[in-house]
Amino acid sequence: MKSYFIETYDLNKWYKEVMALNKVTVKIDRGVVGLLGPNGAGKSTFLNIATSQIRQSSGEIYIEGHEVWNNPTILKRFGFCPEQEKLFEWMTGRKFIRDLAKLSGISREEAEKAALTAIDLVGMKDSMDRAISGYSKGMRQRIKIAQAIVHDPDILFLDEPLQSTDPLVRRELVILIQSLGRDFGKDILISSHILHEVERVTSNILLIFAGRAIAKGDISEIRELMDKYPHTIRIRTPERKKLAIELLDYDFVQNIEMDVLNKEYISIRTAEPDAFYCLIPEIAIESKIEISEMTSLDAGLEAVFEYLTKGM
Amino acid sequence: MSVFDKSYRRYKGELKGRWFKIWSIATTTFRVQFSGKKIIFLLILCNLPMIAFTLMIVFTAIFFPQDLTEMLLGMFGTLDIAMYTVINFTFNAGLIFLPIVFISALNSGTIANDKKHNSLALYMAKPIDRIDYVLGKTISVYMISSFVTLIPWLMFLVLYTLLAGSTQIQFLDTLWVYLSTTGSALVVILFLGSIVLLFSSFSNQSVLAGILTIMILFLPDILVTTISDVLDVSWINYLSISSLLTSAIYLVFGKPEFESLFGSNFFESDISGGISIVILLAVAVICILFTINNLYKEEID
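Sequence lines, in order, name chains S and L.
Each residue of the first sequence is one higher than the one before, counting from 1 in my numbering.
Each residue of the second sequence is one higher than the one before, counting from 1001 in my numbering.
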């Protein structure tokens, strides 16, 4: 019998009166899969149930044919990068990964070595002996990914792993995730509320909206819909004027807005997000502009989901 | 341009089992809870009675003439009497306050802080379940609690034995005192540690958890003192935590006899030590089970 990466049957989750997941029934084939949906759609709840963080209110979920709740046989094959920002703030990055490596079952002697390898992989070697409390959002994302892969799991669950990372790191992380799936045969479920992020990692997606799974399959169709809507990207840089001048040369940049309250932020509205995402790392390198954070506000995605769910 | 190394290397080592992970949770928590200068100060403060006893013995053995030393140390009685007196002094002389404060203050954040900082999600992101998590935390609480019970008590015994020239103590002859002391410490640690762990799982505020623990440990004693003035029955002492602890330890030490000035056995307890031990251990087990239950109910955001 074929075993799917993820199978769910009438999966429900209530938080008191709020229904976070509503009768989700899906069968997802193995490989790299994107879990796409706007904020509050139920992505994190789905991931938390899939990784045995919380238990479903009703329904069934199987990962590679195994039940997950309190099942160490399958749990030890998991690597999970949670969405939450707060980590063990008092620890250094190296200690954090080493201690979590031990919780994954790596022996004391091997944990240090494995931690260094994982830290090296996500480019955090220079900052690994600093306390996590001093890490930027992007660094936290990277250290979270390092803890997820430190024990070489077969199955990876990544909850918004690219959120708040700068363009260069984002590019590298995308390549890393692609490589983990393609070259090392890992099954990966990566959640995001940004279509373009997911698209760069995989074309196989599961769309989730208002707690319901509304579509699954190839990304190209939703892609066309998305392009009808302009896209807003918020960037944090100490040289926002310089960046604005660089961007004004491009036709696909419709509008540039400087944040009045926070002098390091700039919002860019573009009709061609693909071109923009390709361009921004190049601009950063060539013009030597430091970009410390890039977030897609992506209000357009919600509009697309509303369009898709009409008549449901 | 490559920002960092993307060459993923597989981990080829063996993955350890459940108990290794539980031990890792325990040691990580122990390190977090047991760090800082304030902790050392609190530790010294809570062990003050023990330190005073120890210094008194060392001072007597070093500076006093042999016959005077023997006479003074003889006032303690045999080693079991001396050790029992020290423990009894800790739990039946109002000084119960000190170890309880230490155990509560240091352990009240064990689970509460994880809830506050949402660190539970990080633990649960690893291949461990909630029972493993609670067991790891429990071991950590017991380890920390031993710093005001088992460790100073055993150090006192070792010192007493090392000063054999003055105290006339032979290690092999008094091995059972070591065992009794360890047994007594385990009863205390299991009981107090489990209660504080339970309260730590109720709240995400460690201070609140600590205050609740202290209140729940002291209120019964206050209640018993008040009621016993009106109601003259011995079973009421089963409600008093200090009575439960001292009677349990009295039994573990083989009911030592030490005559007071008025001729009665100074240590004799009003309540059965066996029943006290059963009550204390039952409370400890119930607290652990409730803690596990609380953790299973805990929703991770």
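Keep in mind that the hints were calculated from the coordinates and are not lab data.
Be a bit skeptical, because a hint or two may be false.
[To be verified] Derived pair list, reagent style PhoX-like, types lysine-lysine, alpha-carbon separation capped at 20 Å:
1. S:K288 with S:K242
2. S:K86 with L:K1012
3. S:K137 with S:K263
4. S:K113 with L:K1016
5. S:K16 with S:K27
6. S:K113 with L:K1297
7. S:K76 with L:K1116
8. S:K95 with S:K137
9. S:K242 with S:K263
10. L:K1297 with S:K95
11. L:K1297 with S:K16
12. L:K1016 with S:K125
13. L:K1116 with L:K1255
Keep in mind that this is a model prediction, so the values were computed, not measured.
Hints, one by one, checked against the model:
1. S:K288 with S:K242: Holds, at roughly 10 Å.
2. S:K86 with L:K1012: 30 Å, violated
3. S:K137 with S:K263: Judged against 20 Å, a Cα distance of about 18 Å means the pair holds.
4. S:K113 with L:K1016: 16 Å, holds
5. S:K16 with S:K27: 27 Å, violated
6. S:K113 with L:K1297: 36 Å, violated
7. S:K76 with L:K1116: With a Cα-Cα distance of about 26 Å, the restraint between S:K76 and L:K1116 is violated, given a limit of 20 Å.
8. S:K95 with S:K137: 18 Å, holds
9. S:K242 with S:K263: Distance ~13 Å between S:K242 and S:K263 Cα, so the pair holds.
10. L:K1297 with S:K95: Violated, at about 30 Å.
11. L:K1297 with S:K16: Holds: L:K1297 and S:K16 sit about 13 Å apart, inside 20 Å.
12. L:K1016 with S:K125: Violated. L:K1016 to S:K125 sits at ~26 Å, over the 20 Å cutoff.
13. L:K1116 with L:K1255: 46 Å, violated
In this structure, the hints that do not hold are numbers 2, 5, 6, 7, 10, 12, 13, in rising order.
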